[in-house]
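Novice: Given next are the chains, with one letter for each unit.
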Amino acid sequence: MAVRYELRHHLLFSLAKVSALLVLAATLLYGLLPRQRDDYGAFPFLLDSRTVVWLAMELHLMFAAFVLGVPLFTLIVEMVGAATREERYDRLAREFTRLLALAFTTTAVLGVLGLGALVFLYPQFITYLGSVFSSTYLPYAALILADAVVLVLYAFTWETLQGRLKWLHISLGVLLNLVGTALMCIANAWATFMMSPAGVTEEGALVSLSKAIQNPFWWPINVHRIIANVAFGGSIAAAYAAIRFLSAKSDEERAHYDWMGYVGNFIALWALIPLPFAGYWLGKEIYAYSAQMGTSMMGGAFSWLFIIQAVLIATLFISANYYMWLGLGRIPGGHRYYKYVLGMEALIFLAMAVWMTPHTLVASLAEARRMGGAHHPLLGVFGVMSAKNTAVNLVILTTFLSFVLYRRANKERAEVRPPGGIGGPLFIAALSLFPILLCGVNGFLGQGAKAEKSLPELRQEVESLRAAIVGTSEKMATQLDKLKELGRKQSELEKLAQTPGIHHAAGFRVIAIIFAAFLGLALLDMFVVRGRIGGLLQWVILATAAGIVLFYGIRGYFVEAEVRIGFSVYQVMAVLFAMISITAIDLFIFFGAKSLGPVEWGKMPRRSQYVLVLLAVVFTLTIGLMGIVRSGIREAWHVYGVMRDTSQWAFTPTMGYGTTVVAAAALIFFALVSSIFWLGMKEKKDG
Amino acid sequence: MLSLVRNLVLFILSITAGFVYIGNAIPQIKTQPAEAITVVGETPEQTVAAGKAIFMSDRAQCLTCHSLGEDPKARCPNQEGLGERAGKRKPGTTAAQYLVESVYNPNAFIVPGYPRNQMKPVHKPPIALSHDEITAALMFLNTLGGKSDSEFLEQVKEAQDPWRKGLLRPEESVEADKLPILSGDAPRGHELYRSQGCVLCHRIRDEGRDVCPDLSAIGGSQSPDYILESILTPSAIIVKGYKEVKMSLKPRRFVRGVPVKWVPDREHPKSIVLSVDAGGGQREEQEVDLSEATSIGETAVVVKKGKKVEATYGDYVSGDQQTGVTMKMLENGEWIERRFHASDIKRVDQAESPMPSNFAEMMTPSEIYDLVSFLMAQKGKK
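Chains as they are written, first to last, in the working numbering: chain A, 722 to 1408; chain B, 123 to 504.
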């Protein structure tokens, strides 16, 4: 009865809050906006109009990432708990879900504040955006209401929906994430339309809402933000755990929060791994949409921004690895792997130094003269995509190796592997079919493979026809038909030679065969020789993956750009296959392993917890920094190429100013999040 | 607890301070929105000066991809020397027409070796230069190896006219230049160039004559397809100044040849020196007194006069057989425009090239492509 009452109370309270905010938003849009007479308003206190909107929207975005990221994180943790039947996972997920309600309200309040700033300071722009997207406002409001309802249901039915009803609760979690993701996608449509408008005439009049929503950058940003939200949610959870660890009064409490921090960091890091690739996809789309926009982004004033981004990403990877290496200390037997740390550390530092190397920098004439051009004679070699792709893939492989060593830290393999325990390794091994099939299809069956196969035949035909023409003494006038045929066949040949993927079919075939052979050996190890070659096979796979990454990284310098771009797919596939297959083998060979003792949760140096806080802060700063470039490449346009920003704040600010605003937003965000955590803790204590 | 809070606050502050420090330590670039540059004055010099400012501005974004001077990493062609190349880039296109097309319709012609779809039409957003700004920028670009005088300014404005009126739209893409279907042997082509009599009219460096266009740099400015077409159907595109002039003389005489010189000048001519076919592949120069000419020009309009038909020669200006044709005619030593009504016209014979059009009957495909290969190898300066 009490649960039902509590649920009803929270539902009504939440609905009332959200409805009030929605009414306020509607009043701003439909009541106050039409009354604005000027194109731009002025903010009366201290800050300029743009900074006000920037701060409000940045904070809204950070909180949105929080309320979208944390449910993704809690759902993953809850599912792991349901699968492993370990209650601590369930408790962890629940602890965070309770914090969400307040964060959700804060996000909505910040959203309304941001909208208010836009209505009063940029009325002309928000009126135009409304002329394109007003029909999305109602579904957006409905989704906000739905999100509020599902969130309350998810948070307050935790105890009721246990046991056989657990699947129902997990379904609520899935629904919560689906609604949240849909909300994010609608808002992304507005933001990306400003960068790559579609579905409107040259004058900006709406032609197709569907095209305006599915503009060129919509999907890349959607995917990038979903992955980033998981990483952000994990890092915030880890930071929360770290603070609780540092303030813990008992060993038991310390142990719990040490474990919580570990889980948060684990999830954040796994989501961090695919982020650079999602970023490259977005970059590729930017170049495809407008080469000028791409060049301004990577080669102009923003080239320095990417150096700062590289510093932040390097901090993330180095800190995350450092946290894991510190974690070896709390695991009996972990010291056996210390010997690998120095090598891994050196590799990560070197790779990150390569990643930080700029391609083109805005240099003074004197600097350019000293370098002998716009590119440094030695370091310029590392500023290109071949080097950077290689660097980031090697960092990912190294980070994965840290995971593997951490996982097996307290295990000593049994001399004879006991039977059983095949389901998990087999399931993971089956996942490695994805890179194998992807490479196999591209290498054997794809458009490029087919073109590659028919190319010699057509080439032969062209040569025969050419020989027939050249080999006679007939004059040109009598051979015009044959020449036309030759012209037609040659065009066909040239078209065939440009088939996408034709240059990569052979590479995909070789890699698919290598992967398939490794998978075969892994299965041989599991079913025939029972783990005797597993350990060696893991090292061979790791070395092969690193070899593929390095080989194609170096080869990228000697081939044309259109061929080079495809090499990054081989590198990603090699890393992906290595991570899946090595994990599968590891699960198999360490089954029934002798434990050197349980993980001594809580026995972590205090500095390790500061590393978790550092990760969360750096994630937040990275979100803000990337916001600068996402918005900045529009230059002095509200909507790129459609609606100019004619306000006095249309200039692109310096990086110094940009980083200051982002830092201020991050500090306000952490102050607000800390308050939410404190209220959450207080509520729990009171409860 | 308080010390923990203090430590955490200091820790977070130090991270953000580090971030702000790096942000402030790098070069501080504040990019102002590009403002429209007013094209002041009407003289070519003033227009060129304004054009230079536009070309260099952030607003036009030209230097984002183009370079002034060799830069191997530049995404788009080096603009140095453009004024010299512009008139030779595209067959049948003047420098002004080529430059105008390149900025309004960048995909219409792609300089070999550079990627397609790199440039947006500059009169459209996001660059959205005004037509006058474009005129000025092109005037400046032409000074890079060429001369931008009032005549060139008029040519640019004339070429811009359909774009100003919105009659033309940029193309999305155009098929790239193709490679020749037979490879050809350049040394053999050189032998054929001599044996087939090309040297009698064309010049390649020190060899040949100046009756027809100089081919010393043909390979650097034209495609193999263009050269092939010029060999097989010489009249398809005739380089300006090398069209054959036809002339009817009193009483009922006819002369044709390539003009070598107008005496005293083209505007008010008294006589003309023509290079005419002397038979046996030879040519000779012949001066004709224009007071004997009843009509002279590159194009013939055959008109009906009762039951008779009569050819009148002049320079084509505009129109066609269906709507009537306007021609520039030489009458009493002055050039005047005269219009022929469609109902009077029996046919219009366009200007012809003095070059023989029967190479396809005289040469094998291999020989023709040997010749193309030899000509494509001519990339040197004149």
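Be careful, since some hints might not be right.
[To be verified] Partial pick of chain B residues on the chain A-facing surface, computed with a CB cut under 10 Å:
#, residue
1, Pro-166
2, Pro-247
3, Ala-250
4, Asp-254
5, Arg-331
6, Tyr-438
[To be verified] Derived lysine to any residue pairs resembling SDA-like cross-links, with alpha carbons at most 20 Å apart:
#, chain 1, residue 1, chain 2, residue 2
7, B, Lys-152, A, Leu-768
8, B, Lys-152, A, Lys-1216
9, B, Lys-242, A, Leu-768
[Claimed, not checked] Reference listing, derived: stretches of chain A covered by chain B, where coverage requires no fewer than 3 residues with Cβ under 8 Å from a Cβ of chain B:
#, region
10, 754 to 763
11, 908 to 915
12, 1008 to 1019
13, 1133 to 1140
14, 1191 to 1197
15, 1333 to 1346
16, 1384 to 1398
Worth flagging that the hints you see were computed from the coordinates, not collected in a lab. All values reported here derive from a predicted model rather than from experimental measurement. Positions of the beta carbon are idealized from the N, C-alpha and C atoms, including for glycine.
Novice: Any hints this thing doesn't respect? Which numbers, in order?
Specialist: Failing hints, ascending: 1, 4, 5, 6, 8, 9, 10, 11, 13.
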